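As you go down the protein sequences, you meet chains A and B in turn.
The opening residue of the first sequence carries number 6 in our numbering; numbering runs sequentially from there.
The opening residue of the second sequence carries number 832 in our numbering; numbering runs sequentially from there.
In short, the hints are calculated from the structure, not lab data.
Heads up, some of the hints might be wrong.
Over 10 Å on every C-beta distance to chain B, these chain A residues come out as not near it, computed from the model [what the hints assert, rightly or not]:
(1) Leu-73
(2) Asp-80
(3) Ala-90
(4) Lys-135
Each pair of labels, with its calculated beta carbon distance range [said to hold, decoys possible]:
(5) Lys-22/A <-> Ile-843/B: 44 to 54 Å
(6) Ile-845/B <-> Glu-38/A: 29 to 39 Å
(7) Lys-46/A <-> Arg-887/B: 19 to 29 Å
(8) Asp-898/B <-> Leu-73/A: 43 to 53 Å
(9) Lys-46/A <-> Asp-848/B: 23 to 33 Å
(10) Glu-132/A <-> Glu-841/B: 21 to 31 Å
(11) Pro-20/A <-> Arg-875/B: 34 to 44 Å
(12) Asp-85/A <-> Val-834/B: 31 to 41 Å
(13) Thr-69/A <-> Leu-833/B: 37 to 47 Å
(14) Gln-891/B <-> Asn-82/A: 25 to 35 Å
(15) Val-853/B <-> Thr-134/A: 22 to 32 Å
(16) Lys-135/A <-> Glu-855/B: 19 to 29 Å
Lysine-lysine pairs mimicking PhoX-like chemistry, simulated, CA-CA at most 25 Å apart [said to hold, decoys possible]:
(17) Lys-46/A <-> Lys-8/A
(18) Lys-838/B <-> Lys-135/A
(19) Lys-872/B <-> Lys-135/A
(20) Lys-22/A <-> Lys-86/A
(21) Lys-133/A <-> Lys-86/A
(22) Lys-46/A <-> Lys-22/A
(23) Lys-86/A <-> Lys-76/A
(24) Lys-857/B <-> Lys-86/A
(25) Lys-86/A <-> Lys-46/A
(26) Lys-838/B <-> Lys-857/B
(27) Lys-857/B <-> Lys-133/A
(28) Lys-76/A <-> Lys-135/A
(29) Lys-76/A <-> Lys-872/B
(30) Lys-8/A <-> Lys-76/A
(31) Lys-22/A <-> Lys-8/A
Computed from a prediction, not measured in an experiment: that's the story for all the values here.
No residue lacks a Cβ here, since even glycine has one placed at the ideal position from N, Cα and C.
What follows is the residue order along each chain.
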Amino acid sequence: MNKIMSRFGEIEYDPAKTLSFPEGLIGFESLREFVVIPSAKEGLLFWIQSVDDPQIAFVLTDPTNFFLEYKVVPDQNECDKLGLASPEDCHSLSVVTVHQDKTITLNLQAPILYSSETCRGLQVILEKTKYESRTPLPAVKPMPAKTEALPASG
Amino acid sequence: MLVLTRKAGEGIVIGDDIRITVVELKGGGVRIGIDAPRSTKVHRLEVYERIIQENREATQWDIADLDSLSQSLTAEKKL
C-alpha cells in the first residue's frame, strides 16, 4: 500500500488500483493518476484524489443513476486513447459540483469516459448536445428544511 | 498574438495538418471551416473555458457534505 496526502488527511491506497487519465482532466492536464475512493457512507457518490496534488479531488457519480437515457459513445480516436476494443465497453461518469447551498449539479456536457479493463479515463466535451455543464438532479431535496423550488431540470 | 487579415474564402494553415478557412461573413458573425486530424480537439472557446471553470469549482467540496449527500441520494433512490 502507498500513502498520499489529501485535503482530508492521509490516504492509503493500492498503487495497482489507480485510475489514469492519459490527458489529465480539462484544465488539469498535468494530473494523470488518481486514486478511487468510495464514499464512507454507502451511496451513489464516490471521489477521486490526485496522486500528485493533495489539493485536487473530484466527486464523481454514474449519471445513469439519475438520467436513465444518458449515453455517450466514444469515437475511434477516444477508444484508442482508452485502450477499448469496442465502444460498447465504455462507461460514463459525471463530475459532480457541490454548491454552497449543498445542492449538486452534474457536468453532463463534459463526461469522463472510462474503461474498467484498462482503468483509463478521458474527459471529453460534447458538442451539439442538449446536456449542460451544470445539470441539476431531477427532484432531489438534500436539505429537508428547505422548501423553495429547485431549478427545473432540463 | 499573431493577428492576420483574411477575406471570405481565404485561410490559414497551422502546423502540418490544420487548415482554417473563412467560409462566410454574415450579420456580424464569421463562419469558420476547420480541417484537422480527428485526434485534435476543436471546441468553441467559451465552452472550453466553461468546462475548465466547472472542473475548478468541482474541486471545492467538503468530505462531510459528500457523506450526507451520498446518504440522502441513496435514500431518495430507494423510495
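Quick rundown of the hints versus the structure:
Taking the minimum C-beta to C-beta distance to chain B, about 12 Å, the non-interface status of Leu-73/A holds against the 10 Å cut. Consistency note on Asp-80/A: stated as away from chain B, yet its beta-carbon is not over 10 Å from all of that chain's, at 7 Å minimum. Every Cβ of chain B is farther than 10 Å from the Cβ of Ala-90/A; the closest lies at roughly 19 Å, confirming the non-interface assignment. Non-interface status of Lys-135/A relative to chain B is upheld: no Cβ of that chain comes within 10 Å, the nearest being about 14 Å off.
Remark: the range hint 44 to 54 Å for Lys-22/A to Ile-843/B is upheld by a beta-carbon distance near 46 Å. The hinted range of 29 to 39 Å is satisfied by Ile-845/B and Glu-38/A, whose Cβ atoms lie roughly 31 Å apart. For the hinted restraint 19 to 29 Å between Lys-46/A and Arg-887/B, the CB-CB distance of approximately 26 Å keeps it satisfied. Taking 43 to 53 Å as the suggested C-beta distance range, the pair Asp-898/B and Leu-73/A does not conform, at roughly 26 Å.
Taking the beta carbon of each, Lys-46/A and Asp-848/B are about 50 Å apart, not inside 23 to 33 Å as hinted. Between Glu-132/A and Glu-841/B the C-beta distance comes to about 25 Å, which sits within the given range of 21 to 31 Å. A hinted range of 34 to 44 Å holds for the C-beta pair Pro-20/A and Arg-875/B, which are about 38 Å apart. With their beta carbons about 36 Å apart, Asp-85/A and Val-834/B fall inside the hinted range of 31 to 41 Å.
At about 45 Å, the CB distance of Thr-69/A to Leu-833/B agrees with the hint of 37 to 47 Å. Restraint check, Gln-891/B to Asn-82/A: a C-beta distance of roughly 32 Å satisfies the suggested window 25 to 35 Å. Range check, Val-853/B to Thr-134/A: about 26 Å between beta-carbon atoms, so the 22 to 32 Å window is met. Checked against the hint of 19 to 29 Å, the C-beta distance between Lys-135/A and Glu-855/B comes to roughly 26 Å, which is consistent with it.
The hinted pair formed by Lys-46/A and Lys-8/A meets the criterion: a straight-line CA distance of about 22 Å does not exceed 25 Å. Annotation: proposed proximity of Lys-838/B to Lys-135/A is violated, straight-line Cα distance about 33 Å (limit 25 Å). For a cut-off of 25 Å, the pair hint linking Lys-872/B to Lys-135/A stands: about 20 Å separates their Cα positions. Under the criterion of a C-alpha separation no larger than 25 Å, the hint pairing Lys-22/A with Lys-86/A is consistent with the structure, at around 19 Å.
Taking the CA atoms of Lys-133/A and Lys-86/A, the gap is about 22 Å. The hint holds against a cut of 25 Å. As the CA atoms of Lys-46/A and Lys-22/A are separated by approximately 21 Å, the hinted pair is consistent with the 25 Å bound. For the suggested pair Lys-86/A and Lys-76/A, the alpha carbons sit about 19 Å apart, so the restraint of at most 25 Å is met. Restraint check: the Cα-Cα separation between Lys-857/B and Lys-86/A comes to about 38 Å, which exceeds 25 Å; the hinted pair is violated.
Proposed proximity of Lys-86/A and Lys-46/A is contradicted: the alpha carbons are some 33 Å apart, above 25 Å. In summary, the hint linking Lys-838/B to Lys-857/B is supported, as the alpha carbons are separated by about 12 Å, within the 25 Å threshold. Distance restraint check for Lys-857/B and Lys-133/A: the Cα-Cα separation of roughly 21 Å lies within the 25 Å cut-off, and the hinted pair is therefore satisfied. Using a Cα cut-off of 25 Å, the hinted pair Lys-76/A and Lys-135/A holds, with the two alpha carbons roughly 12 Å apart.
The hinted pair formed by Lys-76/A and Lys-872/B meets the criterion: a straight-line CA distance of about 20 Å does not exceed 25 Å. Pair hint Lys-8/A plus Lys-76/A does not hold up; C-alpha atoms about 35 Å apart against a cutoff of 25 Å. For the hint linking Lys-22/A to Lys-8/A, the alpha-carbon distance of about 13 Å falls within 25 Å, and the restraint holds.
Hint check: violations occur at hints 2, 8, 9, 18, 24, 25 and 30; the rest are consistent with the structure.
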